[in-house]
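So the sequence lines, in the order shown, correspond to chains R and H.
Residue numbers 687 to 977, in this note's numbering, belong to the letters of the first sequence in order.
Residue numbers 318 to 700, in this note's numbering, belong to the letters of the second sequence in order.
Accuracy of the hints is not assured; some may be wrong.
[What the hints assert, rightly or not] Derived lysine-lysine pairs resembling DSSO-like cross-links, with alpha carbons at most 30 Å apart:
| hint | chain 1 | residue 1 | chain 2 | residue 2 |
| --- | --- | --- | --- | --- |
| 1 | R | Lys-965 | H | Lys-571 |
| 2 | R | Lys-913 | R | Lys-768 |
| 3 | R | Lys-891 | H | Lys-571 |
| 4 | H | Lys-355 | R | Lys-798 |
| 5 | R | Lys-798 | H | Lys-453 |
| 6 | R | Lys-965 | H | Lys-674 |
| 7 | R | Lys-827 | H | Lys-391 |
| 8 | H | Lys-569 | R | Lys-965 |
| 9 | H | Lys-355 | R | Lys-801 |
| 10 | R | Lys-827 | H | Lys-497 |
| 11 | R | Lys-798 | H | Lys-441 |
[What the hints assert, rightly or not] Here are some chain H residues the structure puts well away from chain R; computed CB gaps all over 12 Å:
| hint | residue |
| --- | --- |
| 12 | Glu-331 |
| 13 | Ile-342 |
| 14 | Ala-379 |
| 15 | Glu-387 |
| 16 | Ala-396 |
| 17 | Cys-419 |
| 18 | Ala-423 |
| 19 | Leu-428 |
| 20 | Leu-468 |
| 21 | Met-490 |
| 22 | Lys-497 |
| 23 | Asn-594 |
| 24 | Ile-595 |
| 25 | Asn-609 |
| 26 | Ala-626 |
| 27 | Ala-666 |
[Stated by the list, open to error] Listed below are several chain R residues computed to face chain H (Cβ distance under 7 Å; list not exhaustive):
| hint | residue |
| --- | --- |
| 28 | Asn-704 |
| 29 | Leu-705 |
| 30 | Leu-706 |
| 31 | Leu-719 |
| 32 | Pro-721 |
| 33 | Tyr-737 |
| 34 | Phe-741 |
| 35 | Gln-744 |
| 36 | Met-795 |
| 37 | Phe-816 |
| 38 | Met-817 |
| 39 | Ala-847 |
| 40 | Phe-902 |
Because the hints were derived from the structure by calculation, they are not lab data.
Remember, predicted model here, so these are calculated numbers, not experimental data.
Backbone N, C-alpha and C define an ideal beta-carbon position, used for all residues, glycine too.
Okay, here's what each chain looks like letter by letter:
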Amino acid sequence: MDNQMAKNTMSPRRRITNLLVHLLLAVLSVIWLLPIAWIVLTSFRAEPGAYTKTFLPQGYTLNNYVKLLTDRNVLNFPRMFKNTLIISIFSCTISTFFVLSVAYSLSRMRFKLRKPYMNMAMILGLFPGFMTMVAQYFILKAMGLTEGAGIRIGLIVVYSACTGLGFQISKGFFDTIPRSIDEAAVMDGATQWQVFTRITLPLSKPIVIYTVMTAFMAPWVDFIFAKVLCRANASQFTVAIGLWNMLQKEYIYQWYTCFAAGAVLISIPIAALFLYMQKFYVEGMSGAVKG
Amino acid sequence: MKEERITIGRALKEGDLFTRLSALIMGAGLLGHRQMVKGILVFLIEVAFCLYMIMSGFHSLAQLPSLGTEAQGKVWNEAKQIYEYTTGDNSQQILLAGVVTCFAIAAIAVLWVLQMRQSFSLQKRIEEGGEVPTFKDDVRNLFDGNLHITLMSLPCLGILVFNVVPLVYMISMAFTTYSKEGEHLILFDWDGLHQFERVLNMNGNIGQQFWHVLAWTVVWAIFATFLNYILGILNYILGMALAMVINRKDTKGKGFWRFCFVLSIAVPQFVTLMIMNIMLQPSGAVNVLLQNLGLINEPIPFWTNAMIARVTIIGINVWVGIPYTMLQVTGILQNIPAELYEAARMDGAGPMRIFFKITLPYMLFVTMPYLISATRPARPTCS
Chain R
687 MDNQMAKNTM SPRRRITNLL VHLLLAVLSV IWLLPIAWIV LTSFRAEPGA
737 YTKTFLPQGY TLNNYVKLLT DRNVLNFPRM FKNTLIISIF SCTISTFFVL
787 SVAYSLSRMR FKLRKPYMNM AMILGLFPGF MTMVAQYFIL KAMGLTEGAG
837 IRIGLIVVYS ACTGLGFQIS KGFFDTIPRS IDEAAVMDGA TQWQVFTRIT
887 LPLSKPIVIY TVMTAFMAPW VDFIFAKVLC RANASQFTVA IGLWNMLQKE
937 YIYQWYTCFA AGAVLISIPI AALFLYMQKF YVEGMSGAVK G
Chain H
318 MKEERITIGR ALKEGDLFTR LSALIMGAGL LGHRQMVKGI LVFLIEVAFC
368 LYMIMSGFHS LAQLPSLGTE AQGKVWNEAK QIYEYTTGDN SQQILLAGVV
418 TCFAIAAIAV LWVLQMRQSF SLQKRIEEGG EVPTFKDDVR NLFDGNLHIT
468 LMSLPCLGIL VFNVVPLVYM ISMAFTTYSK EGEHLILFDW DGLHQFERVL
518 NMNGNIGQQF WHVLAWTVVW AIFATFLNYI LGILNYILGM ALAMVINRKD
568 TKGKGFWRFC FVLSIAVPQF VTLMIMNIML QPSGAVNVLL QNLGLINEPI
618 PFWTNAMIAR VTIIGINVWV GIPYTMLQVT GILQNIPAEL YEAARMDGAG
668 PMRIFFKITL PYMLFVTMPY LISATRPARP TCS
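Only chain R is shown next, with the shape it has when bound in the complex (with noise of 0.2 Å):
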């Protein structure tokens, strides 16, 4: 009602300020998206090669979506999609169940340790990445994980081995549900194993979710330790080598398009867990005042 009569109300000048608000997002908006419009045009363009004359592909088709699925002489994109896939359900397993442990141990028990893990952890975290990058290479080497199908469990070993020290954000989190209800658990005899599992986790759903969904995105957007760990092993390529791959000088200009077809493939995903998640990021963010 009161929005109505705002409505009815309404002086000129605002409504001149509002046309002009709107005109603004929409201006704004157009420059925030055209990358992310462009490229899916491009993905359905008719015209091979990154450079074009126009804007506006001249015709459109399917046939980049075709190619890159089907195609699997010069780069495999299904097999690396499924390599990706492999490993992200893995090292996610793994990591979630690694950082929430810790995170909970850091925020509900006590014990002699756990000063000087957060301070190691802190002072770990200092160091650059790509400085033990070599060494962990020789260390899967050492094991046997450089070669063949063992890639794929060295770079799975890679991703989820140090998640250990990233506990913060949950720690965080678990620090906020009340200590009280956990008393009151194991006055009626649950074990700590209990309360963390019938107790702190289904309370913390968004941090949960939120550890689950950045541990799965990682093997998707990380290029460097892939590149170093698989070399030239076209079977173990991952997605992003392979994409990283089509914009080469020997491949760009047949695979430019495919190129853009794969950026629509894997942002779909990506992106629809993104919106799905940023309440969760959100609420993280603000939580920590309410009102």
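Chain R is fixed; fit chain H onto it per the hints.
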């Protein structure tokens, strides 16, 4: 209850036969004090450790001081009339094996101390006529009071093997002659502090380079921090403005506008950055669009002209950063109690006044930690 410190010295002095025996045969003390399964497990670990040391550990330790001596060589094979290559020592592998062995020894030492103490405290408890926890009790305790051990041992193992060991390995590399000079890539030697001396020596070639690079890095760090700060604040102000414009009472289709901006960060960043790189090339889509619209005659050199390239990078940073800020600020804006606004309006405060007296202080209060740490906007393109 009086807390008595259990030291190894006391354990050796006052321990009974089993406790003293466990200094040599690990787990003996546990076995002798009615903790069969635990004792056997500890003993098995010791056996495994000994086997490892005999199979390769002692060898790696012995090679660690010299880092290998045998260079890869050529031997003339008379029968086949060809040169045959012999595999020499690989110092990198020797160094890694050495570091791993050192860590294994440290781990077994910790286990040794733990089992000595445990064995002594068990002995005390039996002497005092107390109950000895069975293996079943121990396992149950691992899911209750000692849950942190169950939960954290695997993550810690991962960190140890794939973070700490690599770091120690890389740091110890600094004390070797590993270098392209003089073919020291496969076979190298310990070098003490010599490399540090070379790097720090002002008069040497490498030293001069190092100080030059160091000075430049410091300048760059100061400059980049400053720039990042400005960029972060720019991002913040623009993102905040955007969020407030979208959240205005009169704006229609709030969800739609928000979706438009969030979509650009939902696409994986390496994809957007690769697209940006291609789009901003001389014959890329942006130049083509501007030329077709007749706004420019010559393509804009987004990447090749130094000044324009800087603006491009800042632009991309802002492009990536604003939606994040918008998302974050939106959450906070929706959390500001509406009563505050109502009360202010009752008292006759205008929109400007409301913004500066309510919205901004509230937002700054909540986001101050983020503002300080988030003045590092997203990484620029690496093209």
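To see whether the hints hold, each was checked on the structure:
no.	hint	in the structure
1	Lys-965(R) x Lys-571(H)	15 Å, holds
2	Lys-913(R) x Lys-768(R)	17 Å, holds
3	Lys-891(R) x Lys-571(H)	27 Å, holds
4	Lys-355(H) x Lys-798(R)	22 Å, holds
5	Lys-798(R) x Lys-453(H)	24 Å, holds
6	Lys-965(R) x Lys-674(H)	28 Å, holds
7	Lys-827(R) x Lys-391(H)	26 Å, holds
8	Lys-569(H) x Lys-965(R)	21 Å, holds
9	Lys-355(H) x Lys-801(R)	28 Å, holds
10	Lys-827(R) x Lys-497(H)	22 Å, holds
11	Lys-798(R) x Lys-441(H)	23 Å, holds
12	Glu-331	24 Å, holds
13	Ile-342	27 Å, holds
14	Ala-379	18 Å, holds
15	Glu-387	19 Å, holds
16	Ala-396	32 Å, holds
17	Cys-419	14 Å, holds
18	Ala-423	15 Å, holds
19	Leu-428	15 Å, holds
20	Leu-468	4 Å, violated
21	Met-490	9 Å, violated
22	Lys-497	15 Å, holds
23	Asn-594	9 Å, violated
24	Ile-595	6 Å, violated
25	Asn-609	6 Å, violated
26	Ala-626	18 Å, holds
27	Ala-666	18 Å, holds
28	Asn-704	5 Å, holds
29	Leu-705	10 Å, violated
30	Leu-706	10 Å, violated
31	Leu-719	6 Å, holds
32	Pro-721	5 Å, holds
33	Tyr-737	4 Å, holds
34	Phe-741	4 Å, holds
35	Gln-744	13 Å, violated
36	Met-795	4 Å, holds
37	Phe-816	10 Å, violated
38	Met-817	6 Å, holds
39	Ala-847	4 Å, holds
40	Phe-902	12 Å, violated
Going through the hint list in order, the structure does not satisfy hints 20, 21, 23, 24, 25, 29, 30, 35, 37, 40.
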